[in-house]
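Based on the provided sequences and hints, a complete structural model is requested.
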Amino acid sequence: MNAMVIIKRLLESSVINLEIFFVTLALGLPLGLIISFGTMSKWAPFSFLLQIKAEDGFMKKILCFIGKFRPIHDITAIFVWIIRGTPLMLQVIIVYYGPGLIWGGEAMGRLEAALVAFVINYACYFSEIFRGGIQSMPVGQKEAGEVLGMTKTQIFFKITLLQMVKRIVPPMGNEFITLVKDTSLARIIANKEIIMMAQEYVSSKALIWPLFSTAVFFLVACGILTILLNVAEKKLDYFRM
Amino acid sequence: MEMLNVAHIQKSFGKVEVLKDISFSLEQGQSLAIIGSSGSGKTTLLRCLNFLETPDVGTITVGGEQIFNAEAHAKYSDKDIRKKRLKFGLVFQSFNLFPQYTALENVTLACKLMAKEQKKLNKQELEAIQQKGIELLTQVGLADRMHNYPHQLSGGQQQRVAIARALALEPDILCFDEPTSALDPELTGEVLKVIRSLADRKMTMIIVTHEMAFARDVADQIIFMDGGVIVEQGPAREVIEHPQEERTKQFLARYNENN
Ligand SMILES: Nc1ncnc2c1ncn2[C@@H]1O[C@H](COP(=O)(O)OP(=O)(O)OP(=O)(O)O)[C@@H](O)[C@H]1O
Ligand SMILES: [Mg+2]
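In order, the protein sequences belong to chains A and B.
Counted from 1, the first sequence has number 171 at position 171 by our numbering; the numbering is strictly sequential.
Going from the second sequence to our numbering is simple: count from 1 and add 1000.
These are computed hints drawn from the structure, not numbers from a lab.
Careful, some of the hints might be misleading.
To be verified - Pairs of lysine-lysine, BS3-like flavour, derived with a Cα cap of 25 angstroms: (1) 158(A) to 1123(B); (2) 53(A) to 42(A); (3) 61(A) to 1015(B); (4) 1015(B) to 152(A); (5) 68(A) to 1132(B); (6) 152(A) to 166(A); (7) 158(A) to 1079(B); (8) 142(A) to 1119(B); (9) 1119(B) to 152(A); (10) 1020(B) to 1249(B).
Following this line, the structure appears as structure tokens:
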């Protein structure tokens, strides 16, 4: 088997890496934005309990506790904590085998399972970045717009959005680059991505160079990404906040 | 003619009463300085006038038209409030210019958005808005800086852009919240000069300031606030040179010691 064939095979299997990368971005970014709204939710349905006049002590503490309960915030925050606090590799395995073990029946496709795990995992990381970007927005900007008679929509699209994007680009860029390399974790449930493919040459043909050469794929992908991110940062460099 | 009438404004944050029954009025073309120690409620008062805070009690009347009544407030729609708040302009202590826009764009943005909303942003209108923006920047001495972004301007220049931006919507009353407090001392002069020139043109203004000499020389009226109430008010020069109330005397004495 000549080298060209091996390289062609490797490149074919890298389609899985690319697919995971792009699907995670396409679905993970919007989902991350939604999750960030969840963690920022101030909805406290029992806040009226805080108004009740009670004597200091156990009763008061309970009222306070329930009154401050923010269901949407609490649930999303715990969810984000669990997802960010456990390894992505484990999540991939759980999504693939979990449903079958719990409910029985047919397992999800291997690639689908990997995609679900990646999207959820990265959405949680993205959500924290969105939250940072939104919460670091100084109120003065919004108020300056309000005083000039702008609507909430105008303020968001004409003032806040671009400033948020500028804040978000560098940390998002880091996530994107991590994601490129993380895509190879999908092999844990036997997705034939580029590294898994190369490993097969190690075991079946005792060839090590295909495995080493996958580094080139990741380096090129990250290189292109870095260039694109630099362009974005340059484009937003004309103003400072 | 009476331009502004504020009657019995009260405002609390939680249990803290920040404004306790504030009433005053202001004639058209006059300028009013508000002085007082930190935490006396000066900023909160300006924010109430500009609908950034909602008073719990009281009314605000501009040019004979009642624009705010605490009792009816729940009925005001967003659109109502947007229209009413345009009677006031506000210049912030920290400028709050929009960093992604040039000085000229900062000044013209709100006008453009408004014209667009009313579906009359044609070429002519755009040209007129642009022209007005240039005029305003010229008026504050920044004609040569209009294509600079805020981060390319000094604090004093930024604050002058902010003043031009507030003037662009032609408010009836322009409010300033310590417009020079965030500036290095050598930059306060250029901003005060612009405010002084507005006073000369009979712009109705309310200026919260710690610059007593400026308040005395430029303002017609002065209000001294302490603990959420108006302790003393009257013609600016009189109050500063011959304060009647004990608390005003103390405040001015302390100010003179420190400066
Ligand atoms: N949003 C708020 N929530 C709670 N308390 C507030 C809020 N805004 C202002 N206060 C309180 O109201 C009081 C008056 O504040 P304000 O900013 O109006 O004072 P000020 O006269 O402008 O003071 P300074 O000279 O320091 O600017 C202060 O005790 C402040 O802590
Ligand atoms: Mg203040």
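* To do: List in ascending order the numbers of the hints, as given earlier, that are violated by the structure.
  => Per hint list: 4, 5 violated.
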